[in-house]
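Those sequence lines, one after another, are chains Y and C. Residue 83 in our numbering is what sits at position 83 of the first sequence, and the numbering runs on without skipping anything. Residue 85 in our numbering is what sits at position 85 of the second sequence, and the numbering runs on without skipping anything.
No lab work stands behind these hints, which were simulated from the structure alone. Heads up, none of these hints are tricks.
Examples of chain Y residues toward chain C, derived with CB under 10 Å: (1) Ile26; (2) Ser40; (3) Val102.
Pairs of lysine-lysine residues, derived as DSSO-like cross-links and limited to a Cα-Cα distance of at most 27 Å, are as follows: (4) Lys14(Y) <-> Lys237(C); (5) Lys322(C) <-> Lys111(Y); (6) Lys132(C) <-> Lys14(Y); (7) Lys28(C) <-> Lys227(Y); (8) Lys237(C) <-> Lys211(C); (9) Lys20(C) <-> Lys36(C); (10) Lys109(Y) <-> Lys322(C); (11) Lys211(C) <-> Lys14(Y); (12) Lys132(C) <-> Lys12(Y); (13) Lys131(C) <-> Lys211(C); (14) Lys132(C) <-> Lys211(C); (15) Lys227(Y) <-> Lys36(C); (16) Lys237(C) <-> Lys322(C); (17) Lys237(C) <-> Lys131(C); (18) Lys109(Y) <-> Lys27(C); (19) Lys111(Y) <-> Lys28(C); (20) Lys211(C) <-> Lys12(Y); (21) Lys131(C) <-> Lys14(Y); (22) Lys132(C) <-> Lys297(Y); (23) Lys27(C) <-> Lys227(Y); (24) Lys297(Y) <-> Lys227(Y); (25) Lys36(C) <-> Lys111(Y); (26) Lys27(C) <-> Lys111(Y); (27) Lys28(C) <-> Lys109(Y); (28) Lys57(C) <-> Lys259(C); (29) Lys227(Y) <-> Lys109(Y); (30) Lys288(C) <-> Lys66(C); (31) Lys109(Y) <-> Lys36(C); (32) Lys131(C) <-> Lys12(Y); (33) Lys297(Y) <-> Lys131(C).
This structure is a prediction, so every number in the text was calculated from the model and none was measured. Every residue, glycine too, gets a C-beta built ideally from N, C-alpha and C.
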Amino acid sequence: MKKHKKLAGLQKRKAISGYLFILPFIIGFLMFMLVPLFRSLYMSFCEVIFRPAGGGNDYNFLGLTNYIRAFTVDLDFNRLLVEEITQMFYNSLAVMVFSFFVALILNQKFKGRALVRAVFFLPVILSSGVLLGIETDNQLISSVMDMVEESNTNANISIAIQEILRTAGVGTRAFQQVFDIVDGIYDVAISSGIQIIIFLSGLQTISESMYEAASIEGCTSWESLWKITFPMVSPLLLVNWIYSIVDYCMRNNNQIITKINDQMILFMDYGFASAIAWTYFLVVILIIGVTSFLISKGVYYYD
Amino acid sequence: MTKQKNVRKLQGDFWERNRKSGGYLLKKRISSAAYKIVRVFLLFGMCFLILQPLLTKIAVSFMAEKDLYNPIVITIPENFTTANYRLASELMGYGQALWNTLRTSVLVALLQIAMCTLVGYGFARFNFPLKKFWFGCVILLIVVPPQTISSSLYLYFRHFDIFGIIKAIRGTDLNLQTSQIPYYMMSAGCMGLKNGLYIYMIRQYFRNIPKDLEEAAYVDGCGTLRTFVRIMLPDAKPIITSCFLFSFVWQWTDNFYTKLFMGNMPLLASKLTTLVDELNAYVINTLKNAGGASIGYGNCILSTGTLMVIVPLLVLYLFAQKGFVESLSSTGIKM
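In isolation and in its complexed conformation, chain C is listed as follows (with noise of 0.2 Å):
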């Protein structure tokens, strides 16, 4: 009651004030507001333009072919189906693929983080001889395209040797090339996806955290690594479930190393790649239309296929948005 009054006596003698303040309270009241409104416009149009892709594939994918040239038809499909879905998942194996996909994110984005942690606590913490030497490499690391190795790695594993042991075991050098291992292999080394960058993340939210924690620890008779697992990690929770989740959504959707060592093996990305390549050959061979799939046709079920990758991912981040976020910016990432 008396705060209302209070208002009221406030927005009551507004006029004055703005008379004695010379005009100045009003003048900054109405550009506060015009800035506001312009900030709605803003951030709507701008949000609008990053959904509206997304937006339309959705409307997209529960059309028939014959809306995809129909004019009338822009947004809300005239004969709704889910036909599209079918098809774009029988066409890309969805169910093995999801499953393949899902293991693989998982124990790579695992293997990486729980190496990339250890590395990034050992700069953090440790003065050790050559320190910047290796820290330069983790930034050469971040830098180096992987696409400048490529084929050396391809050649490298498709001969695989440790310094000629293997070839004085087994007679011949081993071609991992086809199989899952060398990745696996490269992940255990820090040397998967964009791991310089986690290496790094993980590195400043160590140094963050005070080193009295640490020194008690130590007083108190822990070990390095005991101190490490019981002390340090869960302090770190925030930061390594982050580098989790973009580990795993990067793995998810990765298209090169997929394509450099699980060609064979069917993930949901290297399926979407060749997805209208498949529905093609669907058309022709089975529909027996010689033409092919149109192009409007084969926009649309391409459309589906990426809302199906990407919706086990938009549900992944709907509920993990905080650790996507919230974590990175607490970081202070500085140079």
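So that you can see chain Y by itself, here it is in the shape it has in the complex (with noise of 0.2 Å):
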């Protein structure tokens, strides 16, 4: 009995230096994290005015107003919250694929494999941030890259073969899409350098046992390939899957981002900017919840 209450003594001591741990967690949570964020929601159903003198600010409850606006009024939100979250679907989709691929390469054994890799994880700090689209930033910049592409149309490999599989006449709208993935591929590269490195860290746990044995019971490495390997990393599509996601919701050369910041800043709508930040952020969340589902019932967990 005395025994007892004295584990529970301890138990109680670890719960408590726990929560001393994740203390900093917790205050931060609540201050920078919680207040704003019902704040902000509670902004996005009021209009909000500024009084001149510093004096802080007035919140005009106005309902679903905000809303209604982004929606029905707006020129433009519709069409780019169903563009942005189209493309943020083929782009995680293409990182996904590329990723996966690209992993599998640099997994196995070749001269100079350690350079390659480096080059790889290079957009990891080369795609973040400010850097990202900074050409794109410029308009004059990225109407004179406009110019320079149409005029280089001719001498074009990838638009050439764009002619010849249009003309084969099937599927054109699927095609299309895999042209813009295509010709964005450089998109696609420098936006899968954690990705590719958590596929690594998965395909590495890989036993060889199981190649061997797979091998030796006549597979062939195709096989194996999407009998073994593909089992055995499906816990990290999840979790790449949701990365990809997340990455490209916060990039800086995101319209809607761009859209948010503009109301915040050029117009002081500080009401309508948050309205319009959280229906992307619902709608993110949304897919994001949906999908895992989705991916998380046919994950295969060996152990």
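Fit chain to chain and form the complex, with the hints in mind.
Written out as structure tokens, the structure is:
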């Protein structure tokens, strides 16, 4: 009886020290996340008016007006939302496929592997923050780039191939999506650094003996790719999928993010900006929730 | 000697073995060679794809303005010049901005990673009530785009107050928006850039360390904090370094939080976004050319500026490549 009590004491002590360890997070979360989150939710239902002499601000409760304005009055919000969501979907899918196959290759042994790995992880640094889209941010430069691209079309091999495939006739729209991804392969490559690392970490945990057994049984390496490698790293598909989506949403060159910033900084329209931000956030959460649920059903856990 | 002989012997009867296997051996050898060749091309192509913008930037940054419009000049400048670097560095206030960025990034990264390590350890090794709930909050932190709360964060720090205490003392609320204090406060509370991700990764790492180590320490009478500092921390060095490096690099290039909180402090990231405008102002006011800078020249200076911002990071990456990558792949991130 006494012993039991002492154990409970130890557990209690450990629980307390556990709370002490995560205390910074709890305080930070409550102060800098929860409060602003609810305040921005409240702001999205209001019209925010600034009192001129630095004396705080007033909230006029408007109900759903900001949301109705976003969906029915605002000229390009609907279009931007649909565009960004589709783009996010295709982009994340392309990143998944790309990073999976690159991780497969980088996991093999060949000369200069360290160098190639270093190059592939370089985008983790180079595509972060302000560096991403610094060229497209500048309107003058991007217009010139468009001009250069247009004048170059004759010499462009990918356009020629696209023409050939299009004349084949079937599923032009599906092809168009593939073309867009292929044209944007640079964007895919530079946004898949972390995902490659995650897949690599998964590949390294698969034991060699599984492949040996499979090859003795007469499995070709193509078969063992889909029957061993793929199921074994499938839990990481979920991680990478969520990471890709979140990463895409937070990018600086995302048009909705730009719109939010414009509304906030240029027009000082905090209520409307919050309404857009919340709509976007909810849509993304919904997509993440549904897709992760679907993926997690197909995921295979070895242990 | 004997080894060579063996090899020759093996090669000698390769055709015989091939015949015995019914052509299988030859087919296998050819396909593996073909695969290797394809792989080389693929890897080379993709590496080039990633490096090409960087290489172009380097080439352009050494060109004089007339080279940019010379159709014969593509990569190697005809009039080699370092004037672009001088101009870009002057326009960005490079020395001051570099120092500020370095200081801020190191401080912020240290603070964030120290806190995230504590929190990650707490989540990995202790059982306490509501643990699942708080970890759900970490996931929420990863998923919520900071832009959602940026507007209210701005106002929050514009009129900062902790439950009305400050107002009671000073009479008015504090305007912290123009100082850096808010961001340091947020970093201390694990709410900085991608901090949820760091907590998650560090937690994964600590979970994989065997429990016996810790228990032995407890049995020997080590307290929780001392066990953490003396036993667990040294073990977690690789993941902490790699998180620190990521935090440092992402802070270095971050534009979102710096714009929100450090608007009036010259940092490289914010200077880079205004570089082309600065160039225009410079061309109009100092060179008395009313048309402003030409597009190509603006692009050239922007490339130079971008290079100057990332060169310190590239040097860091060259020396600490292992720290970035290898330790991450050893965490065994799973869900």
